[in-house]
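S.K.: Here is how the chains run, residue by residue.
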Amino acid sequence: MKTFNGTFMLTTMAVFFAIGTGMANDNYREVMEKTIAHVYQATDLAQLQDAVNTFERIGLVESRKWEPQYYLAFGYLMMANMEQNAGRKDGFLDRAMKAVTKAKVLAPEESEIIALEGFVYMLRVTVDPGSRGSEFAPRALQTLSKATSLNPENPRALALSAQMLYGSAQFFGTSTAEACEMADKSLKKFSSYKSANVLAPVWGKAIAESLRQKCK
Amino acid sequence: MKAVSILILTLALTASFAQTVITGNVTDTKGAPVSGANVLIEGTYDGTSTDGSGNFEFNSTKTGAAQLLVTFTGFKEHRVDLSLSHVAIELSIVLTEEIRSLEAVTITAGSFTAGDQSRRTIFRAVDIATTAGATADIAGALNTLPGTQKVAEQGRLFVRGGEGHETRTFIDGLNVLEPYSTSAPNTPSRGRFLPFMFKGMSFSTGGYSAEYGQALSSALVLDSKDKAENTRTDFGILSIGGDVGHTHVWNKASIAGKIQYTNLAPYFGLVRQSIDWDRPPTSLDAHIAFRRESGSHGLLKIYGNFNRSNFSMNSQSIDHQNQTSRYDLRNDYHYVNATYKNILSKDWLVRGGASFTNVQTDVRIEGQQVIGEEKALHGKTVLEGSLSDNIEIKTGVEIIHRNYVEQREFASSDSFRELVISGFLESDVYANKHFVARGGLRFEHDAISSRTTADPRFSMAYKMPGSGQFSLAYGHFRQTPRNALLLLRPNLYPEQASHYILSYQRIKNNRTLRIESYYKRYNHLVTYTGGTDNALDNSGYGFAKGVELFWRDNESVDNVDYWITYSFLDTERKYLHFPIQTTPSFASKHNFSIVYKHFVTKIKSQPGFTYSYASGRPYNNPDDNEFNGSRTHSYQDLSVNWSYLPNPSLIIYFSCTNILGRDNVFGYEYSSGLNPQGVHNSRAIRPAAKHFVFVGIFLTLSKEKSVNQLPNL
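Residue numbers (the numbering used here), protein chains in the order written: chain A, 1040 to 1255; chain S, 32 to 744.
It is possible that part of the hints are untrue.
[As the list claims (entries may be wrong)] Taking lysine to any residue and the SDA-like style, the derived pairs with C-alpha atoms no more than 20 angstroms apart in a straight line are:
{"hint": "1", "chain 1": "A", "residue 1": "K1185", "chain 2": "S", "residue 2": "G335"}
{"hint": "2", "chain 1": "S", "residue 1": "K539", "chain 2": "A", "residue 2": "V1166"}
{"hint": "3", "chain 1": "S", "residue 1": "K258", "chain 2": "S", "residue 2": "G335"}
{"hint": "4", "chain 1": "S", "residue 1": "K377", "chain 2": "S", "residue 2": "G329"}
{"hint": "5", "chain 1": "S", "residue 1": "K635", "chain 2": "A", "residue 2": "R1171"}
If you're looking for bench data, these hints aren't it; they were derived computationally from the structure. Every value quoted in this text rests on a predicted model; they were computed, and no experiment measured them.
With these hints in hand, go ahead and build the complete structure from the sequences.
M.R.: Below, the structure written as C-alpha cells:
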C-alpha cells in the first residue's frame, strides 16, 4: 500500500509537473494570441498602449522569443500611424525601432521583422515628406526588398513594397504597372499564405487590396 | 477515493496561488497622473497598464519576495520590493522624469547642426545641394547662415570678424589642412570635400567644445557616412567636366571610389572672363572611402582624397594694360584619414584615428619658381560616456605634427616645424530636463617652444516650458599663425580669442527663430612692428561684436521652405600691416540673405533662389589719409537654381548666379608708384565674369530598384 501510494504520488507529481510546464507554454500562447487580437482591434492610443505594455511584460520574461518584440514594435507603429503630432510620432517610431532591433538580434534572418523595419522607415517619411522622403523612402524600399529576399513568400513585405512603388510611380508620373503587379503578387501570397504558427503575423492584406482597387 | 481527494486538494492549491491583488496609483513628481504606464511583477506576465487617472489593479500568482517594476517612456524605471502573501497590497508610486530624454535641453549657442537621422534640425545636409548660389559647395551653403560674411572673391567661411583661415574643418574629428581647393587670386575657391560624403555636419560660429582646438573663430565638423548599403555606379556630366563613381558593398564592408575631372576651358570659351587665362584651371580629383564593421558596434573608416590641379594666367599691370606677368600654379593634395570607433560598455564609447595631409604647391611668377610643401599628421583618441544619468564626460588626447618648407629658386629654403600635444576634458551636467551646463578645459603643449597653455570653455542652456531656449557660451581659443608668417618668424606664438555668446532659440512646428548676440576679443594677433619685413610679433589685438537673426519656416506654405538671415557685425583689429586698429577689408557691417526653395510635384522639380546682400567693405586707398577708410558699394546677388528629377535615377541641376547682372566690386588694387597726377593708379577687383552658370546631369545605375537620385534632391 505504501509503495502504491508512493508511486501514485510520484506519478501525480510528474503529471502535474508536465501540466505545469505545458501550462506555461499554453499561457504564453494564450496571452500572446489574446493581445495580438487586441492590437489588431485597437481603435485608440490607450488601447494600443495597453497592448504594447502587455507585449513588453511578456518580452521581459520570454527574452529569447522574437514575437513579443515584433508585436511590441507593431503596436508602436500603429500608435505612430494614429498620432498626428510630429514629435510624438517620432517618439513612437523610435520605440518601434528599438523593439525591431531587439527582435533582429533574436531572429536575424526573420523576414517578418525586416519587413516591419521597412514599415518604420515608411512612417518616418510621413512625418515630414519634404525633407525625409529623400532619405527614408529609398531606405524603406531597400529594407523591404531585403525582407522579400529572406522569404519570397512574405506577403506583407510585398504589400508594403507595392505601396512604396505606387507612391514613387505617382511622384515621377511613371507607370504604376510594376506596383500593381506587386500588389497582385502580394494578394496571391496572402491567399496561399500558411502561417507558421498561431502567433505568426497575419496583417497587411488590406494594404494590398486597397492598392488593387486604385490600380483598376 | 484517497486519490481523488489528493487531486482535488492539489487543484485547489494551484487555484489559490493566483490571488494577491495589487492596486495603486502612479503620478509624476508634480502629482499629475501618469496614464499608460506599465506596472508589472518582474519575472512574470502579471501586470497591467495604468488608466487615465494613473490607477492600476492586477492579480499576481507569485508568492514570496517579488519586485514590482513601473516603466513609462520619459521616466526613470521605478522598482518596489514586495512580499506577496495573498494579502492585498496598495501602492502609490511617484515616477521621476528621465533627464536625457528626447525633449531635454541641448546646448545650441553658436552652432548649427545638420543631422542625418530622424531628429528635426535647423539645417540639413541636403540643404547644401539645393541652396541656390552655393553650387553644391559646403561653404557656399553655410554662407547663408548667420555669423558669416560674404567674401565672394574668396569663397571661404569668414565668421564673426574672423579671417577665412580662422574657420577650421574637421572630418570625423580630425583636422583637415587646406580644406579649400586652390584658386587664382581674387577668384573663389571651392571646398575639396563633396557634401554627399557626409551624413551630418555641425557648423559652429563660436563657443565650441574643448574637443576642437587650433580654431580661432569657427569649427566646421563633418561626419562622414557609415557603411554604404548598395552596390551602385554613378555618372555625372557637368558643364565644367565629368565624374564617375562606383560603390561596392559586402556584408560587413563597403568601398566607394570617385574620380572627377574638371576643365574650365570649354566653359570659359563660351562665357567671356575678365581674367586672361593661358591655361584655364583643370583638376583631377580622386576620392576613396572604405568602411568595415567589426562586431556589432565597431566601425573602421578610411578615407582618401588625392587631387592635382593647375592653371596659368597672365595678370595685367595696373599701370600698363599691355604689360602682363605670367602666373603658373600646380597644386598636389593628398589627404588620408582613418578612424575607428567602438563601444566599451553600455555607457562608454571610444573613438580615435589619424589623418595625414601632404600639400605641395608649385608657383611660378614670370618663371620664378617657389615650391611650398606642407606635411601634417594629426592623431587623436577620445573616450566618452556617462558617469551617471545626469553627468556626461568626454576626454581625449591629440597630437599634431606639422612641417612646412618653402623652396625658392636660387635661394635658400625656409621652413618651420610644429609639434603640439594636447588634451581635453569636458563634462555636461544636467540639473534636470530644462537645465544643462557644460564645462571643459583644453591643454596644449607646444613641444618646440616648451609652452603649455590651458583654455577654459563653458556653456549652459535653459529650456523654458514651451518651445523657447536660452543658451550662454564662453570660451578661450587659440590657433597657430598662418604658414607665411611662421616662415618669417618661426617662434611666433598662437593667436588668441575669447568668445562670449548669448542666444535665444525657439523651434515650433517646423518654424525656427534664433537670435544671438556675441562679443569676441582677439589677443596676440600677429602684426608687423615696422622696419623690416621680418619684424613681426604677437602684439596685435582686436574685437568683434554683433547681433544675428535667423528665421526658417517650412511649415506655412506647402512644399515651400525658406530662411532669412541677418547679421550685424562691428569689428576692428590691429594686425598684419595695419598701422591702427580698424575694420579689416573682409568685414561688412550688414549681411542679409533669403534662401527660398519650392518643391513642385507636378513638374518633379525644385526651383529656388538665394538673395544675398552685404554692405560695403573697407578698402585702403593710399591717397586717402585714413587707413582702410574707403568703402565699396554694397554687394548684392540674386542666384537661381533648378533641380529636375525626370525619373528616379536621373537628376539635372541648373544654377546661375547674379541673374540681375549687378556690377559687384569687392575692393580696389593700387599700383605701388605714383602716376603723373601724383596719385596711385587703381583697379577694381571684380568677379571674373558677371554670372556663373552651372549645368550638371547625374545618373545612378544599380541593380537595386530602390537606389535613386532622390537623396540628392
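S.K.: Hint compliance check: list the failing hint numbers for this structure, sorted ascending.
M.R.: 1
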